[in-house]
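Once you have looked at the hints, place chains B and C on chain A.
Residue numbers (the numbering used here), protein chains in the order written: chain A, 419 to 640; chain B, 714 to 1032; chain C, 291 to 966.
These are computed hints drawn from the structure, not numbers from a lab. Quick reminder that beta carbons are idealized off the backbone N, C-alpha and C, glycines included. Accuracy of the hints is not assured; some may be wrong.
Unchecked claim - Just a sample of chain A residues kept apart from chain B, beta carbon distances all over 12 Å, derived:
#1 434
#2 476
#3 604
Unchecked claim - Computed from the model, here is a short list of chain C residues facing chain B with C-beta under 10 Å:
#4 685
#5 726
#6 733
#7 734
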Amino acid sequence: MSFGQLPYDVSHLLGGGMLLLSFVLLYQRRVGAVINALALQGGILALAAAWQALVQGAPQLYLTALIAFGAKAVLIPLALRTLLRRLDLHRTVETALGIGPSLVAGVALVALAILVVLPITAGSRAIAREDLALALSVVLLGMLMMITRRNAILQVAGLMTLENGLILAAVGVAGMPLVVELSTAALVMMLLVVGGVFVFQIRERFDTVDTGFLERHRGEAE
Amino acid sequence: MQVFGAILTQLLHLLLMLAAAPLLLGVTRWLKARLMGRRGASPLQPLRDLDKLLRKRPVLAENASIVSEAAPYVAFAACLLAAALVPSFSHGMAFAPFADLILLAGLLALARMALALAGMDVGTAFGGLGAAREMSFAAFAEPALLLSVLNFTILAGNTNLDLIAATFRDGALGLRVSLGLAAMAMLAVAIAENGRIPVDNPSTHLELTMVHEAMLLESSGRHLALWDYGAALRLTLWLSLIAAIFVPFGAAPAGSGPLAWAIGLLAWLLKMGVLCLALAWFESAIAKMRVFRVPEFLGAALLLALLGAALLFVSTGLA
Amino acid sequence: MLTLFALCLWVLVLLAAVAVPLGRHARAGLVLHAGCLIASLGFVAVALGVLLTGEPVESQPLPFGPPWAPTRLGLDGLSAWFLLLLGIAGSAASLFAMDDGASGHPLPPRALPPFPLFLAGMALTLAATDAFLLLFGFELMSLASWALVAAEHERPENRAAARLYLGFAVLAGACLVPAFGLLAGSAGALDFAAMRAAPPEGWRAAAVLLLGLLGAGAKAGLVPLHAWLPLAHPAAPSHVSALMSGAMTKIALYVLARLLLDLCGPAQPSWWGVPLLVLGAASALLGALRANLEDDAKTLLACSTIENVGLITIGLGLALAFRGADLGPLAALAAGAALLHALNHGVFKTGLFLMAGAVLHGAGSRRLDRLGGLIHAMPVTALAALIGVAAAASLPPLSGFASEWLLLQALLAGWRVSDIGFQVLAAAGAAVAAMAAALAAAAMLRFFGLVFLGRPRSPRGAGAREAPIFERAALLLPAGLTVLLGLFPGFVLGLAAPALQGLVGPVIRVPARGTWLAAGEGATGYAPLVIALLLALLLGITWMLVRRRSPAATARGPVWNCGFVEPPPHLPFGDPLTQPGAAGIAQPLRRMLGESLLRAGETVDMPAPGETRPGHYAAGFTDPSGPLLLAPVARLRDRIAAEADRLRHLTIRRCLSLSFATLVGLLALLAWLEAR
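Okay, chain A solo, but in the shape it has when bound (with noise of 0.2 Å):
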C-alpha cells in the first residue's frame, strides 16, 4: 500500500484527523470545548478501528471500535460533562504554559515523533511507518497537555488522548494480537481515573465550604 491507494489513504486521513484533535484540544480556552474535542476524537478512532476492521478483514477490531465508540465517544465525555456542571467546577482552561507556547511545543514534538519512527521501522510498509508516526506524536501531544494543564479534567482528558494514540498504533499494526483485550484493559483504567477523580472533588468540596475556595480557582480567569 502506498499514496493514492484508498486503504491507505483513507486511514492515513483518520489519523491525521486524530492528530488535529489533539492540537484542538491543546488550543482550547474552556473545559466544554475540550470535552467535545475529546468527544470527536474517540469517535475518529472507533472510525479508524473499523476501518482497519475492514481492510485487514479482522472482524475482531469492530469490538474495539464499538467499545471505543461506546466508552470514548459517548460515555466518557457525558460522564466528564456532569462532573462539570454538578459539581460546578470553573470552566476555563488553568495553563502552566501558554496556549502559544504549547502549540509550538506541539509541533515540535510531531517532528520528534516522525525523526524518531522513521529510521526505526525502516524497511517495513508505508503503512506502518507514517501511521506509527501519527500515533505517537498523539501520545506525546496527550503528555504535553497532562504537563501543561492545571485543571484535573483536562489532565484526565490528557490521560486518554494518550490512551487513543496507543490504541490508533495498536489496531494499525496488522495482526497485532491482543489488541481488544489491550484496549478494554487501557479502557478500564480509564473509566478508573475518571471515578478517581470524580471522588476525589466530591472529597474537595466536602472538605471545603467556604466561597474563598472558588476565589482562589478563579485567579487566573481573564
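Relative to chain A, chains B and C alone:
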C-alpha cells in the same frame, strides 16, 4: 476555438462573480438569521442596498484628499481582478496563466492597503484604529497562507492556481493529511481576511468589534457601494478559492463545451451553497474573540500548515 | 569603457579636493553636487555598457598601488550590476543635494568634501579586481560616510551614532582583511583570478564564511550586527542617508556575494546557505517589526532597510544551498531574486529617504508625531512617497512585489533540497519572509498615513511648503524608475544575466521570459505588465460605469467621525486626541509581537483625581542586540581601557622595553613562519 472558449469562459466567469457576490452575501446573512430563529432580510437585500448606494453621491470630509476619492476604485479593481483569476465553473480560462497564488495574495494586499489608506485619510480615531488592526492581522494571515501554498506547491509542483486545481481534480494524489491541515489553515485565513466571526463581526458598528467597518465610517454613496461590493467579491473569491483547491470536482476541464460548463456551474453553485451554510452555521455557533487573541488563532493556522508541510517532506522523502 | 569610469573617479576625487578650500562659497554645494551627478550618470552609462555587452572589462595596470603586484580596475557582470545601482542612487542623491541652498537648510561646509569621496570609495570597491583595492575602497567608503554621519556633530545623539558607526566599520574591516588573507593562501596572490583558481577547503573555508559574514554583515546591517544602522543612517544629511541605505548596504552585500559565491568557488557544500538563511530571516523579521515601532521617519526607513537586507541575504543563502545541491536553475532563481531585490530596494529606498529629507525641509520635522496632512501642501512629494511606499509594501505591480515574488518562489522551492532539516528551515524562512512583507506593509502604511494623511499635528507642519525644483526632480526620478522596474522586471533581469553567471555558474538561464518572471521551466510566471494593464482596464471600466450611474460630483462636509462634536476654537487642527499618533498606530503589533520579540512595554501615568498635571503615556522597546551584544562589548572595552591605562604609569625605561619586546617577538614570529 480553444482561445475563443477561454475568453468566453473568462467573461462569463467575471459576470458570474459580479452577480454572485452580493447574492452570496445575502444568502449567508439570510441563512444566519434563519439559524438564529429570525426571519431575516431577503437574500436580495445586498443587491438593493448596492443599487441604492450606487446612485447616491458621496459626501467627503473637508480635509479629505484624493486618496479618499481614488481608493474605492483601486480596491474594487484589485478585488475584481483577483476574483477573475480564481476559477469557478471552468478551468483554462483566458487569465489562467496569470492565476498565481502569490499574485492573488498581492492583489488582496493592494486592496487592503487602499482600504487602510482611505481609513487614515481624514484623521479620525476609528479609521486609524481599524487600519492598524487590519494590517496587524495580515501580518499573521500572510505567513499562514504562504505555508498552505507551500503544501500545494509540493503536491502540484506549481503555484499556479489553475494547474493546482487541475492536478487535484484528477485525483491522482488521493487523500492527504497535509491537505486537510492546509485546508484548516486556509479556512482560518479566509475568516480573518474577510473579517468574519470570530475575528471580526461584519454586522456591527460597535467600537470593540471594529476592524473593517471602522475604516469605512467616512465613506458614503457610491464609494461605500464600491467598498461593500469589493468586500462581497472578496468573500466570494475566498469561498471559490477554497472550493477550487479542496473540492475541484465537477469543474469543466480546459477546452470543453457549454454542456460541461453548465455542469460546472451547477457544481459550483452547490459548493457555494454548502460553504455559505457552513459559514452561517459556524458564525451563529461561535462568539467573537478578543482582538489580541487573533494572533493565537492565526498562529495556530500557521503551525498547522507548517505541520502539513513537514508531513509532506517526510512522505516525499519516503517515496 | 573603463576610461570613462576612471575619468568619473578622477572627477570625484578632484571635486573632493576642490571642496576643501572652496566649501564656504555660496554656490559650492550646487557645483559640487552637479559634478557628482555627472559622475554618477557616467557610472550608469559604464554599468549599462558592461551589462549589455556581457563581457567583463579590465584595465592596464594602474600607475600606483601596492609594490608587490600590479593593480587593475575591472568590471564584470556582478560589479556592473551593483555599479548600476550605485549610479542611480548617486544621481538621485546628488540631484537632491543641489537644492541645499534653496531649501533653506544649507549643508555645513564640512559635509561637502566627503560626499564625492564616499561615491568614489563605493565605485572603487566595485571596480576592484584584487583584495587590496577592494579593501581600500571599502575603507574609503566607511571613513567618508563616517565623516558625513558626524557632519552635524553639534547634537550629542549624532556624535554617539558616529562613534558606534565607526566601531562597527572597524569590526567590518578587521574581519574582511583576514578573510581575504585566508583566501589568498600561502602564495599571497591578492588578485581575484588567483583566488578563484585555488578555492579554500576545510577549516579555512569555514573561517572565510564566518569572517565574511561578520565583516560584510556588520556593514550591511545584518542581525545581530545591526545596532548602528537605525542610529547612523538618520544622523547623516538626508541625501547621504539615502545613499547609505540605498547603495552602501548593497556594496556590503556585493562584497558578501563576491566573497562567498564567487571567490570561494562553486564547490562549497550546501549547508553554507544555512547561516545566511537564518541571519537573513532574523534580520527581515526584526527590521520589519522595529519599523512598526519607531516614531522617527528616517529611523523607520532605516529599520525597513534592515528588513530588505535580510531578504536579499535569504536569496543569497538559498542560491548557495541550491548550488551546493546541484540545482542550477533554482540557484539562478534565488540569486536572481537577490540581485533584483537589491536593485529595486536601492532605488525605492533612495527615493523614500530623499522624501523624508524633503519633508524635513518642507515641514520642519522627522518625527511622525509632528507631521500629518502633508498631501495637501506637498502633492508631488506625496505622489513620489506613495509610489515608494507601495513598492516597499510589495504591492503589485510595483518593483518590490516583483523581486519578492521571485524570492518567495525560491523559498517555496526549498523543499527540493533533499535534506529534511533544510526543508523545514526553508518552510520557516518562507513564513518569516511572508510575515516580514506583511509587517513592512503595515510599517509603510503607518509611515505614509501619519506623514501625509490625516490632519497636521503641529503648527510648523501645517505651514509646510512643497519641495523646490531639484528636490522634486530627485524624488520623481526614483519613483519613475520604481514603476519601470516593476513593469519590466523580465528585461531588467535579462540585463543581470552576466551577474547571475558570475554567481551561480556559466550556463544558467535567467528566470525570466520576456516581460514575464518565471519560476522555472513550465512553471508558473508573473507578468506585471499584463497585470498592470488589466488593473488599469478594470479601474477604468469601473470608474466609467459607476460615474454613469451616479454622475453627481462629490460633496464636502464636516467630518463625521461617529458624531463626535466639533473641536473647541483654540484647537485649529481639530482635537489632537481624536487622531491616532505614532504610538497608537503601533499598538496592535507592539502588543502582538513586540512584547515577546522586542520586550516592548507601555506605561500610563494617570494623575490622581483632583491633580492638575497632565497624564502621560509612554511606549518603548529594547532591541535584544543592546543588552545581549553591545553591553558586554562596552564592559569589555572598559576593562581593556582600564588595563591599558596602567601602561601610562610606566617609566620610560619600561615603555622602551615593552616596544623592544614587541619588536623581538614579531621578528621571532617572522623567523618561525619562514622556517615552515
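A quick look at each hint next to the structure:
no., hint, in the structure
1, 434, "3 Å, violated"
2, 476, "22 Å, holds"
3, 604, "25 Å, holds"
4, 685, "5 Å, holds"
5, 726, "9 Å, holds"
6, 733, "9 Å, holds"
7, 734, "8 Å, holds"
In summary, the one numbered hint that this structure violates is 1.
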